[in-house]
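Take the sequences, apply the hints, and build the full model.
Take the sequence shown: its letters are residues 478 to 657, numbered as in the numbering used here.
Here are the simulated distance ranges between beta carbons: (1) Ala588 <-> Ala650: 32 to 40 Å; (2) Arg538 <-> Asp573: 15 to 23 Å; (3) Ile482 <-> Asn603: 28 to 36 Å; (4) Asp584 <-> Cys605: 20 to 28 Å; (5) Asp576 <-> Arg538: 18 to 26 Å; (6) Asp584 <-> Pro517: 41 to 49 Å.
Hints listed in this document are in silico derivations from the structure and should not be mistaken for laboratory results. In this text, a Cβ means the ideal position worked out from N, Cα and C, and glycines have one as well.
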Amino acid sequence: MSERIPPAGGMSEEVAAIIALTAPPDRDPPGTISVLAHRPAMLTSFLPWARVLAREGVVPRRDHEILALRASVNCQSAFEWGEHLLFARDAGITDDEIDQIVAGATDPRWAPRDAALVRAADQLHNGCDVDDETWAVLAANYDAPQLVEIIYIVGQYTMLSMVANGLRVNVPATFRPLPE
Numbered sequence: 478m479s480e481r482i483p484p485a486g487g488m489s490e491e492v493a494a495i496i497a498l499t500a501p502p503d504r505d506p507p508g509t510i511s512v513l514a515h516r517p518a519m520l521t522s523f524l525p526w527a528r529v530l531a532r533e534g535v536v537p538r539r540d541h542e543i544l545a546l547r548a549s550v551n552c553q554s555a556f557e558w559g560e561h562l563l564f565a566r567d568a569g570i571t572d573d574e575i576d577q578i579v580a581g582a583t584d585p586r587w588a589p590r591d592a593a594l595v596r597a598a599d600q601l602h603n604g605c606d607v608d609d610e611t612w613a614v615l616a617a618n619y620d621a622p623q624l625v626e627i628i629y630i631v632g633q634y635t636m637l638s639m640v641a642n643g644l645r646v647n648v649p650a651t652f653r654p655l656p657e
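Pasting the structure below:
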């Protein structure tokens with residue numbers, strides 16, 4: 478599949494400065510961000526919020542990446558999957574855990590807390606809610622700000638998966654393919 482909209486060129490200084498704040502210093506900005514730069518007003522509003530979630534989040538980084546990867550699996554977003562595998566490795570997620578993320582919450586290797594994260598991502602994707610049983614496990618392991626953020630993380634990466642899929646953002650050849 479080819480890109481529907483190429484990355485924006487000739488970004489304003491304001492947009493370029495905000496993108497520079499969100500992208501790791503040793504990497505180009507994600508393809509979704511480069512495409513969203515076609516709509517600067519939306520991008521400059523979105524990026525500060527996304528930066529808080531990604532860089533100043535209260536959910537442990539490992540847990541954040543479990544949620545992001547599961548959202549990308551649920552949405553079948555090859556771009557978000559490949560992008561977040563890079564971050565997952567930095568967060569200490571192992572190959573075995575990546576296989577578990579793909580397998581889902583019923584994989585017997587999950588600890589109850591991690592299974593609840595994956596189950597919450599699935600439930601939010603499938604019904605836009607988290608059942609009481611899953612919520613009880615989450616609430617026993619996370620405080621109120623973290624519980625709020627868990628919902629936001631799944632929503633964030635579901636939305637970005639939709640952007641990547643709908644606009645057919647280029648998936649770099651270096652990204653590990655999304656498992657089927």
